[in-house]
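Those protein sequence lines, which keep their order, are chains A and B. Per the numbering used here, the very first residue in the first sequence carries number 1; after that it's consecutive. Per the numbering used here, the very first residue in the second sequence carries number 1; after that it's consecutive.
The set of hints was computed from the structure by calculation and includes no laboratory data. Mixed in with the good hints, there may be bad ones.
[What the hints assert, rightly or not] Derived Cβ-Cβ restraints for the label pairs, each shown as a range: (1) Gly151/B with Ala60/A: 28 to 36 Å; (2) Gly22/B with Phe59/A: 49 to 57 Å; (3) Ala19/A with Pro138/B: 31 to 39 Å; (4) Gly24/A with Ser184/B: 23 to 31 Å; (5) Gly22/B with Thr7/A: 25 to 33 Å.
[To be verified] Take a look, some chain B residues computed to stay more than 12 Å from chain A by CB distance: (6) Ala17; (7) Ala42; (8) Phe76; (9) Thr78; (10) Arg82; (11) Leu89; (12) Glu126.
[What the hints assert, rightly or not] Okay, the calculated bits of chain B under chain A, using three or more residues with CB under 8 Å as the criterion: (13) 31-41; (14) 50-59; (15) 138-148.
Virtual Cβ for every residue (Gly too), placed ideally from N, Cα, C.
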Amino acid sequence: MVETQNTAVEALLERHLGAVQAPGELWARIQNPARNVSATRRQTVARKLAWALLAVVVFAGTVSSFREPKSFAVNEAAALQALARGTDDLEFKSAKAMEIRTWVRTRTGIELPLPQDSPVQLLGARVAAADTVEVAYRVGDRPATLVVSKTSAAFFERDRHRKLNREALQVARTYSWAEGSQLFTLACAVPGGLEAACSLCHVYGKQL
Amino acid sequence: MVLESNDLEGKTRDVIAACQRGERDAFRALFEAYQDKVYSIALRYSGDRAVALDIAQEIFLKLLSSIGEYRGNAGFETWLYRVVVNCCLDHRRRTRRIGLFIESLWQGFSAPKQSVLQDLMRAEMEEQVQRSVASLSPDQRIAIALRYTEGFSYERIAEILNCSMGTVASRLNRAHKILERRLSHLRERR
């Protein structure tokens, strides 16, 4: 029987599959056979699982810390720019909620939660990007806007809207949250006007 | 009692007889002589240090309990290597897939402490070779371990595996071809 020639792969195997020294604990394990044969393996797997879990948590944290503020920040910047631009460049001007909802749905597929009996004065809407829409309106004499965009980002604070901090609304100019696959940002030109701006969707304190 | 592997054959009968009488020192000598060989084959077969330790423990415990059955009609080493092969082949490949995944994560965290680039590259290459071997069939893996860890001839491997040299050659050839494909990138980096 002719043995195979010393090919490159055989040389590689000879170099990397050589004998190694047995660990010192082997004799102790043989002397104490009551010790479970797989004890070391279980400990190793548990340790590796712990590290893997930690890696997942760190990864998830990193994703959330980078993606969530960034996505919200983009929406908030769009909302503040929309307020600054005013209403001159609105693509669709209407004071009727149903008309605006239909126009936005047709153009972008985004579903707006606008009630028909909203106490605000609707002005119209504009598509800011393929997946972002701005709705302009007034609450009394205060200009406000709602920016809604689609997102595929994973959010870890989806109940942010439910846990709304009313105190924060009184000092902030924007407030953002995520629902379903959409990001929402409410912005008001006047600081402290955000709570009133919520009446775009919330009639008499009821959420739609 | 210290027993070197090289002069084992000369002292085999006495040591085996002492082991069969239950003399602890004799078994320790046997262990000292073969622990590295046994562990190395288990490691190269399983590709996992913890599993290799389990297998090696199993082998020596089996040796301890069954050495009374050794009648001296075959060479002791051949008999021992058959025990090693049987233990390796019997060992379940439990949690191997998830194990490999977790292993890679774990290695990402527990990076080797040597700062020398060559050591790192060598360790990485060894790891890749070991992983590729671990993905072979059990018959191919044990043949590879006997061939490259112990440096046995085809004839010797055939004797241990109790099969023909043609079978050994066939298993090694198939394994070589598979490994050649999987490790081609390493050969380019050499």
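> Of the hints stated earlier, which fail here?
Replying inline: 1, 3, 4, 5, 7, 12
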